Amino acid sequence: MKSNYLLTLLSILIVIMMGSCSQGSQQEGAASSTPIPESHPKGQASVEDNVSEANILQVAAGSQAHTTLVAAVQAAEIEHVLVNAGPLTVFAPTNDAFAALPEGTVDDLLKPENKAKLANILTGHAAPGSFDLEALKKEARKGRKIYTATGQYLEVSVDGDEVLIAGARILGTIQTSNGVINVIDKIILP
Amino acid sequence: MKSKIINTTSILVSLTLLFLAACTPGGDKNAGALSGNLAERSFVAPGEHDEFYGFISGGFNGQLSVIGLPSGRVFKNIPVFSVDAEKAYGFNEETKPMLNTSFGFVPWGDSHHPDISQTNGVLDGRWVFINENNTPRIARIDLTTFETTEIIEIPNSAGNHSSSYVTDNTEYVIAGTRFGVPVPQRDMPIDEYKGNFKGMLSFLKVDPESGEMNIEFQIKMPGFDYDKAHPGRGKSHGWFFYTTYNTEEANTLLEVNASQNDKDFIAAVNWKKAEEYIAQGNFETMKTNYAHNVYDERTHSATTTWEKEVRILDPAKCPGLVYFMPMPKSPHGCDVDPTGEYIVGSGKLSANVTVHSFDKMISAIENEKFDGEAYGIPILNFEDVLAGVVVQPGLGPLHTEFDDKGNAYTTFFISSEVVKWKLGTWEVIDRKPTYYSVGHLMIPGGNSQKPFGKYLVAMNKITKDRYLPTGPEVTQSAQLYDISGEKMELLLDFPTLGEPHYAAGIPADLIKAKSRKIYKLEENEHPYVTKSEKDAKVVRDGNIVHIYMTMIRSHFAPDNIEGVKVGDKVYFHVTNLEQDYDVPHGVSMIGANTSELLIMPGQTETFLWEPKGVGVWPYYCTDFCSALHQEMQGYVRVSDKNSDIQPSWTLDGE
Numbered sequence: 001m002k003s004n005y006l007l008t009l010l011s012i013l014i015v016i017m018m019g020s021c022s023q024g025s026q027q028e029g030a031a032s033s034t035p036i037p038e039s040h041p042k043g044q045a046s047v048e049d050n051v052s053e054a055n056i057l058q059v060a061a062g063s064q065a066h067t068t069l070v071a072a073v074q075a076a077e078i079e080h081v082l083v084n085a086g087p088l089t090v091f092a093p094t095n096d097a098f099a100a101l102p103e104g105t106v107d108d109l110l111k112p113e114n115k116a117k118l119a120n121i122l123t124g125h126a127a128p129g130s131f132d133l134e135a136l137k138k139e140a141r142k143g144r145k146i147y148t149a150t151g152q153y154l155e156v157s158v159d160g161d162e163v164l165i166a167g168a169r170i171l172g173t174i175q176t177s178n179g180v181i182n183v184i185d186k187i188i189l190p
Numbered sequence: 001m002k003s004k005i006i007n008t009t010s011i012l013v014s015l016t017l018l019f020l021a022a023c024t025p026g027g028d029k030n031a032g033a034l035s036g037n038l039a040e041r042s043f044v045a046p047g048e049h050d051e052f053y054g055f056i057s058g059g060f061n062g063q064l065s066v067i068g069l070p071s072g073r074v075f076k077n078i079p080v081f082s083v084d085a086e087k088a089y090g091f092n093e094e095t096k097p098m099l100n101t102s103f104g105f106v107p108w109g110d111s112h113h114p115d116i117s118q119t120n121g122v123l124d125g126r127w128v129f130i131n132e133n134n135t136p137r138i139a140r141i142d143l144t145t146f147e148t149t150e151i152i153e154i155p156n157s158a159g160n161h162s163s164s165y166v167t168d169n170t171e172y173v174i175a176g177t178r179f180g181v182p183v184p185q186r187d188m189p190i191d192e193y194k195g196n197f198k199g200m201l202s203f204l205k206v207d208p209e210s211g212e213m214n215i216e217f218q219i220k221m222p223g224f225d226y227d228k229a230h231p232g233r234g235k236s237h238g239w240f241f242y243t244t245y246n247t248e249e250a251n252t253l254l255e256v257n258a259s260q261n262d263k264d265f266i267a268a269v270n271w272k273k274a275e276e277y278i279a280q281g282n283f284e285t286m287k288t289n290y291a292h293n294v295y296d297e298r299t300h301s302a303t304t305t306w307e308k309e310v311r312i313l314d315p316a317k318c319p320g321l322v323y324f325m326p327m328p329k330s331p332h333g334c335d336v337d338p339t340g341e342y343i344v345g346s347g348k349l350s351a352n353v354t355v356h357s358f359d360k361m362i363s364a365i366e367n368e369k370f371d372g373e374a375y376g377i378p379i380l381n382f383e384d385v386l387a388g389v390v391v392q393p394g395l396g397p398l399h400t401e402f403d404d405k406g407n408a409y410t411t412f413f414i415s416s417e418v419v420k421w422k423l424g425t426w427e428v429i430d431r432k433p434t435y436y437s438v439g440h441l442m443i444p445g446g447n448s449q450k451p452f453g454k455y456l457v458a459m460n461k462i463t464k465d466r467y468l469p470t471g472p473e474v475t476q477s478a479q480l481y482d483i484s485g486e487k488m489e490l491l492l493d494f495p496t497l498g499e500p501h502y503a504a505g506i507p508a509d510l511i512k513a514k515s516r517k518i519y520k521l522e523e524n525e526h527p528y529v530t531k532s533e534k535d536a537k538v539v540r541d542g543n544i545v546h547i548y549m550t551m552i553r554s555h556f557a558p559d560n561i562e563g564v565k566v567g568d569k570v571y572f573h574v575t576n577l578e579q580d581y582d583v584p585h586g587v588s589m590i591g592a593n594t595s596e597l598l599i600m601p602g603q604t605e606t607f608l609w610e611p612k613g614v615g616v617w618p619y620y621c622t623d624f625c626s627a628l629h630q631e632m633q634g635y636v637r638v639s640d641k642n643s644d645i646q647p648s649w650t651l652d653g654e
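Going down the list, the protein sequences come from chains A and B.
Each residue of the first sequence is one higher than the last, beginning at 1 in the working numbering.
Each residue of the second sequence is one higher than the last, beginning at 1 in the working numbering.
Since the hints were derived computationally from the structure, they do not count as laboratory data.
Predicted model only: the values in this text are computed from it and were never measured.
We put the CB at the ideal spot given by N, CA and C, even for glycine.
Don't take each hint at face value.
[Said to hold, decoys possible] Some, not all, of what chain B presents toward chain A, calculated at C-beta under 8 Å: (1) GLU48; (2) ARG540; (3) GLY542; (4) TRP617; (5) TYR620; (6) THR622; (7) ALA627.
Work out the full structure, taking the sequences as your base and the hints as a guide.
Next comes the structure, spelled out in structure tokens:
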């Protein structure tokens with residue numbers, strides 16, 4: 001009985017010591033790598049640069065017609081993709097295009113648990129390469145499709161003076177430092 | 001049963017003890033490292049910037065490297081006096097003129113002593129000047145582009161070692177000559193050196209706006225060896241001081257014959273007096289020929305101007321221009337403290353460090369207390385100008401820098417150490433070993449009126465076992481010391497590129513915001529610029545073909561070219577249309593007998609290709625520019641020289 005008591009006591013001691021020791025080394029570990037505030041929390045999107053021409057993200061952020069898109073990009077935390085060297089072509093739906101989705105869709109997508117789904121929808125609007133209106137018309141003429149960052153092929157068509165991408169109408173084209181923004185009137189769903 | 005329990009108990013006790021033992025020493029070790037705190041003090045966290053820029057000369061690599069302090073990380077190796085295939089420096093048509101000299105195109109140089117421009121004796125961070133020792137030249141590097149923008153050749157000179165230091169307001173940057181040479185050069189017996197060979201000291205005026213240099217005048221000195229130099233600061237502004245050795249004027253086995261005199265001299269030059277003589281016309285105009293190469297940021301091209309004359313002052317005919325102050329035993333370093341009062345000479349072969357006083361020098365000159373003259377130049381009495389002596393601080397003193405607290409730091413080559421001593425009392429405060437045989441040292445601002453006395457970099461001549469070995473040739477070593485306290489502390493050991501002869505340091509905040517990000521395409525005035533893809537073209541003029549090409553992520557325009565023939569000289573004039581920071585493109589053609597081009601946003605560069613055989617020859621982007629970099633390519637069809645295929649060019653078949 002007494003021995004059992006001793007055993008228990010020793011076991012407790014060891015456990016405590018192990019705890020204190022590993023706790024100690026944890027503290028030291030923490031001390032020797034002093035918590036460093038992340039200097040670039042948004043990756044390349046954190047780079048300050050007011051000299052270069054504006055990139056896709058900066059242009060979008062300055063557009064009154066794209067506040068929903070920008071909020072969605074921020075919620076999906078894919079800002080860094082839009083400032084990447086690319087080159088990228090982004091088909092940028094207007095606020096009206098988002099508003100035309102069934103009620104509650106946008107709010108639902110903006111929920112943290114739907115981050116991956118939202119990111120997938122948004123990157124489905126981006127394609128490697130620089131396709132301005134002339135380039136898109138050429139794609140239509142030559143029967144070539146646009147291959148998106150999510151692996152979809154989008155059809156380009158011309159309707160009179162208008163160019164359509166996957167059925168969405170292109171309302172305007174803006175050249176940016178890392179690619180092209182084509183403003184569209186509809187969300188392209190996977 | 002009981003014994004079993006006891007056994008178990010003893011095992012547990014032993015385990016506990018073992019655990020204690022394992023736990024405690026580890027804790028002690030960590031505490032030691034923490035109290036030492038060394039790693040933390042030179043650690044720059046990921047994504048953070050260094051506190052100082054360092055510009056370290058590459059010596060025999062001819063370049064100037066840019067590092068961060070305290071991390072010791074290398075950011076750029078700026079090509080200055082040697083060709084650099086990576087950056088096409090000296091290879092592309094635009095920068096070839098930078099390396100023109102009166103001897104022709106010289107692809108290599110020996111870069112030595114960088115010095116940052118100053119205003120009112122304080123670093124202003126506009127330019128770095130650096131001298132070339134072998135084919136005497138001085139270069140200016142612009143600290144907005146971090147590129148070499150000017151190189152001027154120094155005539156009548158050889159071994160431009162006592163260079164390229166700047167005065168308090170960058171009025172002048174100076175050059176000196178290590179070798180006495182015939183002036184002008186002529187065919188004569190070498191053993192008639194004495195009295196016939198001359199040593200030229202050159203003063204290059206610096207335009208306060210553009211920074212452009214011109215040789216304002218040269219002073220024709222006796223044929224001693226002029227080793228190092230330092231401008232007067234503050235009250236001694238207007239003077240320049242040079243160490244001399246080989247006052248014996250030996251022309252052979254200098255290691256013996258130039259070490260005979262007990263004392264050599266510090267030459268004190270009154271450059272304000274020189275300006276008066278120039279203004280009075282009291283100079284000789286000498287015919288000569290030297291290259292002045294200037295890189296224009298707007299045309300992205302360098303041009304060479306051949307200068308034909310230089311103005312010479314003869315100290316024997318210009319009283320008050322130059323005085324000699326005796327200094328023991330072949331002095332090397334010549335350093336003036338931030339107040340301008342103390343002139344420190346380090347006799348390589350002397351046991352002591354000798355310090356002269358500016359005030360005493362002026363007083364001796366005013367009282368005309370001379371101890372004879374040499375070639376018409378008055379010699380001052382050693383005792384009359386002596387401020388003090390640091391007695392036996394080490395072996396083989398070389399160079400001295402200063403902090404902002406009245407301390408001096410001298411390197412000792414033979415005893416491999418840095419010694420801290422007090423100005424005025426001459427007492428030694430601290431000494432720390434270097435690894436090994438230190439040459440120069442640098443404290444940011446340490447040769448100006450305003451040193452930033454936080455770090456000291458020692459640059460060593462011998463490395464041996466300091467790093468992982470790399471065969472017979474090993475890197476150069478540098479050590480970083482914290483000098484903010486009474487005692488110096490070694491923080492970091494890092495390798496440097498080439499052999500560092502001196503360095504210059506400056507707080508990063510003084511220049512980093514001015515660093516250029518891109519060149520504006522609309523400001524590009526290159527004669528062969530192509531500002532949009534629709535202007536891309538191929539133009540034949542006899543057997544010369546000019547290709548006007550653009551690059552943007554991720555293609556060249558044009559990317560299919562036909563109508564080029566064997567025997568043509570094909571110039572690729574390539575413009576990077578990007579206007580985005582850090583998006584350079586490169587280009588190279590198979591078999592081109594030159595380097596790649598590495599073209600910054602908004603810039604145009606040109607390479608020459610002389611196709612040797614018929615075929616279809618590819619070119620591609622050599623800098624991983626984008627996600628579609630591997631797609632960035634093109635072809636040139638080369639036909640027989642009698643072919644009648646006309647030049648044509650397309651992109652995407654159009």
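Please flag the earlier hints that this structure goes against, numbers listed from lowest up. 2, 3, 4, 5 and 6
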